[in-house]
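Peer 1: Chain residues, written in single-letter form:
Protein chains: 2
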Amino acid sequence: MKEQLKERIALVDSVLDKYLAIKDNPQKTIYEAMRYSVFAGGKRLRPVLMLSFCEMCGGDVNEALPFASAMEMIHTYSLIHDDLPAMDNDDLRRGMPTSHIKYGEATAILAGDALLNRAFEVVSAYDGKYPERALKAINILALSSGTEGMIGGQVVDIESEGRGITLDELRYLHLGKTGAIIRSACTIGTLMGGGNDEEIKAADEFAKNLGIAFQIQDDILDVEGTEEELGKPIGSDKEENKNTYVSILGLEKSKELVKEYSKRAKDALAVFGGRAEFLKELTDYLTNRRN
Amino acid sequence: MKEQLKERIALVDSVLDKYLAIKDNPQKTIYEAMRYSVFAGGKRLRPVLMLSFCEMCGGDVNEALPFASAMEMIHTYSLIHDDLPAMDNDDLRRGMPTSHIKYGEATAILAGDALLNRAFEVVSAYDGKYPERALKAINILALSSGTEGMIGGQVVDIESEGRGITLDELRYLHLGKTGAIIRSACTIGTLMGGGNDEEIKAADEFAKNLGIAFQIQDDILDVEGTEEELGKPIGSDKEENKNTYVSILGLEKSKELVKEYSKRAKDALAVFGGRAEFLKELTDYLTNRRN
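Same order as they appear, the protein sequences are chains A and B. Count along the first sequence starting at 1, add 763, and that's the number in this note's numbering. Count along the second sequence starting at 1, add 763, and that's the number in this note's numbering.
Extracted from the complex, chain A is given alone in its bound form (with noise of 0.2 Å):
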């Protein structure tokens, strides 16, 4: 599974470079400013789940992978944009100064609004064999980036600072904010690979149940885990008075809750029989990472 995980990260990547390729014109700067945030050491989650689904699909992983480099991008644009002084406030992430801090308030903006904008560049590039697919899937891409989706979370994130939230508000605001695109990528991975209906809502249940574990284990981490391990101070939400899964149930209903989710997520994948063992296996990675 490791082997399998480091080669899709891999393609991942190098389709990255060749659609951030620096131009040299001009606004150069934006492409540096970019590339910094895209290569800055993610951990290509959605991408990868997406490619996983398609392949799992029986589908051409060519058909998916613009798709799965766009998600990256409106993934690194979120982060450059939660970053800002105005939002999170962040000087460092993954270990490294943030984009605002290395390129100024001004180009990180921009960066992240060329990344968001990117994103639609290179879907709609499209010239495949199904455009009618591929304008469904920019779509579902879109919707689950926009107010209904991640940005809907964010807002109720920073509306819900400084306050205490109940554990319905919580999960709200993270389907929006963390769930949306990682339910897309499941989706637009399975709709690309030729999936049936049946399929693609099994990718659905599978990415909503994966989204949660993922986040309570992040919650988890952010108390348990070492500054090594995480690339930032440990205990850091509770010093920023941060609405968790761990503030709100506690550690142990916390580790408890992770199970439960992954468990979820697994059974969701049974439609796929035995092509699912990747995702399985990949699923029990990421709910037992250290980082």
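The hints are simulated quantities; they were obtained by calculation from the structure and are not laboratory data. Being a predicted model, the structure only gives us computed values, none of them experimental. Misleading hints may appear alongside valid ones.
Which copy is meant is left open, because identical chains are indistinguishable; a pair holds if it fits in one copy or across any two.
[Claimed, not checked] Under the rule of at most 35 Å between Cα atoms (straight-line distance), these lysine-lysine pairs were calculated in the DSBU-like manner:
hint, residue 1, residue 2
1, K971, K1016
2, K786, K971
3, K791, K1026
4, K1001, K899
5, K964, K806
6, K1022, K791
7, K781, K899
8, K786, K1029
9, K1005, K765
10, K1022, K892
11, K1043, K791
12, K1005, K791
13, K1029, K865
14, K1022, K1043
15, K1016, K786
16, K1016, K892
17, K1022, K781
Since the structure of chain A is provided, determine the placement of chain B on it from the hints.
Peer 2: Leaving out everything else, chain B in the frame of chain A:
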């Protein structure tokens, strides 16, 4: 012409109103912030141009409408982000508080992101007769608002602040910052209206010249207009030491150029024969405007 212009603006506004309907959910604020800036009194120049080219080519205006509203969303997002403290730091636009003054900086950043994102939600929801044409139009739209278009121009603008630039540099900057999406408005309108390659090329040539004339007129108005006409202080370009056509070429030469480029724009419409009357009159109207 003015009657037809009013009708087209009203049509665009009604579609924007529909696409930006407020959802009564926890992230409601973002919809309010998006609407606030979109309905702050824009001229709807880009959507009107798009619809006009679509109609002139004998196309169904409904094929272009989602693209026309997407274009206005993209234009508005660029203004919201441009006004941010880290960028131009403007408190007023068209006589009203800018987004970050009204909603705070975090929400303004997200409202901009959300409008860019929503533009692609809207156009990818296409379910008309020509999916391949729509895919192509999405690509033109995305490229024109990206790093080789609008964002590229913004980067050059930021980097040229505080130093004198040449006329060539100024033209390059505006070709990206304002020219690129005026061009894509006209070419997408032609494409979605069923225009052929020659007509698309003519639309592009028209738009390139109109865009320059429009920008020079903007620079002239900052010197010659009144605060009542423009809804912002006069002479702000000079005060902020901005590079403009007037600062580089002087007022008289600038006025000559407006005439020259607006003539070139109209000449480019020859291929459309008598059907181009509206666009020719619109060109005169725009390049003689007082606000």
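Peer 1: Does the structure break any of the earlier hints, and which numbers would those be?
Peer 2: Hint check: 4, 10, 11, 13, 16 and 17 fail, others pass.
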